[in-house]
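Engineer: Sequence:
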Amino acid sequence: MNDTMTKGNAAALLPIGVFLLIFLGAGIAFGDFYAMPAVVAFLIALFVAFMQNRQQKFADKIKVIAKGVGEENIITMSLIFLCAGGFSGAVTAAGGVESTVNLGLSLIPTHFAVAGLFVIGCFISVSMGTSMGTIAALAPIAVGISEKTGFELSVCIASVVCGAMFGDNLSMISDTTIAAVKTQGCDMKDKFKANFLLVLPAAVLSILIFWIMTRNVSYSLEGDLKYNLWEVFPYLIVLVGALAGINVFLVLISGIVISLIVGVAAGNIAVTEMFKVVGDGVTSMYDITVISILVACIVSLVKEAGGIQFILDLIKSRIRGKKGAELGIALLALFVDICTANNTVAIVMTGPIAREISEEYGVDPKRSASLLDMFTSVGQGMIPYGAQLLSAATLTGLTPVDILPNLYYPVLMGICGVGAIFLRKR
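To convert, note that position 29 of the sequence shown is 29 in the UniProt record's numbering; the numbers rise steadily by one, no gaps.
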């Protein structure tokens, strides 16, 4: 790489600007931020990246992106995405979701009502690794509790969304956690511990707020809350295994195998359907896997042309020291998530830049991974055009704006994150 290629070049950021313009423009124009598939917008951005830097031959650009895509973290991240999808498909088919939800509900004291929904949401989302799956599983329960207690449905579903974002930010099998860890080059268990300490105050305060709001009301659910502890077992195996530091591939593959055994034994999965349920789960992760590859291609060309260096130079001119670097990573992650309405995509996009900043200013990789995951979740949990709020609104007949005023956890998480940056000792 020659010297001119290593200098900061604002024009090299054009592909990223084109992606944001197309993605946001289509969302505003059509009134639907999912009208333009992210993968299509990234393909257009990649085409723009290829069109830049005419002095470099096309064959050389192919070599640049091949090197970027072949980077260890990108390959590992993509494989983990697929394994996580396989586990999700297997454990869901085995009845794990329903049993986990019912187990949580059966343990909640009646006066704990809405606060209990938040706690269950936290547990399920940490276990499942998906905020969307958590919202889909608990939204009907939130409707039932609202009807029985008389509390506004917007409060009940907001507690579900808050709990879902808690796990989305922490789960060992969440695509956001996987992306944050792999782009920053740290161990998952180290990131979990650092991240958990940062968000714990926000979670505790959220529980208190929901409890104070609803403490004088009790409810009862009709019918038996049937659950099978064996169906919850695969989630516990994955959670404990990941926390123990066992290789994530071994943990996920073990989770898949145990889920299939439990599902077949319980009669929830036919032997002939075993591979299909795993395949369906893997297929559900294709989009984010392809997006990760496309982003790696774009970032490689942008970096080669000096775009990443330009951002680093810009940040360096405005921040001083480690705290400034951490705040820069946090704000960058939040801004990109607001623009893309997808926290995993935002992490994949900002991850390489965050890693450069971390290395420059001596920020611990587990710290930068935590900040990336936290602040993209802050944005994702509050933007009315994000998948989480759109899904919650659709399932309950509300609008995202109805739910927004009661989303305490994302706000508190952001406050805790900023406070941790400024209050941390040097």
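Just so you know, not all the hints are guaranteed correct.
Unchecked claim - With a Cα cut of at most 27 angstroms, we get these calculated DSS-like pairs of lysine-lysine: (1) K7 with K322; (2) K193 with K323; (3) K7 with K63; (4) K63 with K189.
Quick caveat, the hints were computed from the structure, so don't treat them as lab data. Fair warning: this is a prediction, and the values are worked out from it, not measured in the lab.
Engineer: Each hint: holds or not?
Structural biologist: Hint-by-hint comparison with the structure:
1. Between K7 and K322 the CA atoms are separated by roughly 23 angstroms; this keeps the pair inside 27 angstroms, and the hint holds.
2. For the hint linking K193 to K323, the alpha-carbon distance of about 20 angstroms falls within 27 angstroms, and the restraint holds.
3. A distance of roughly 20 angstroms separates the Cα atoms of K7 and K63; the hinted pair therefore holds under the 27 angstroms criterion.
4. Taking the CA atoms of K63 and K189, the gap is near 34 angstroms; set against the 27 angstroms cutoff, the hint is violated.
Checked against the numbered hints above, the structure breaks only hint 4 and satisfies the rest.
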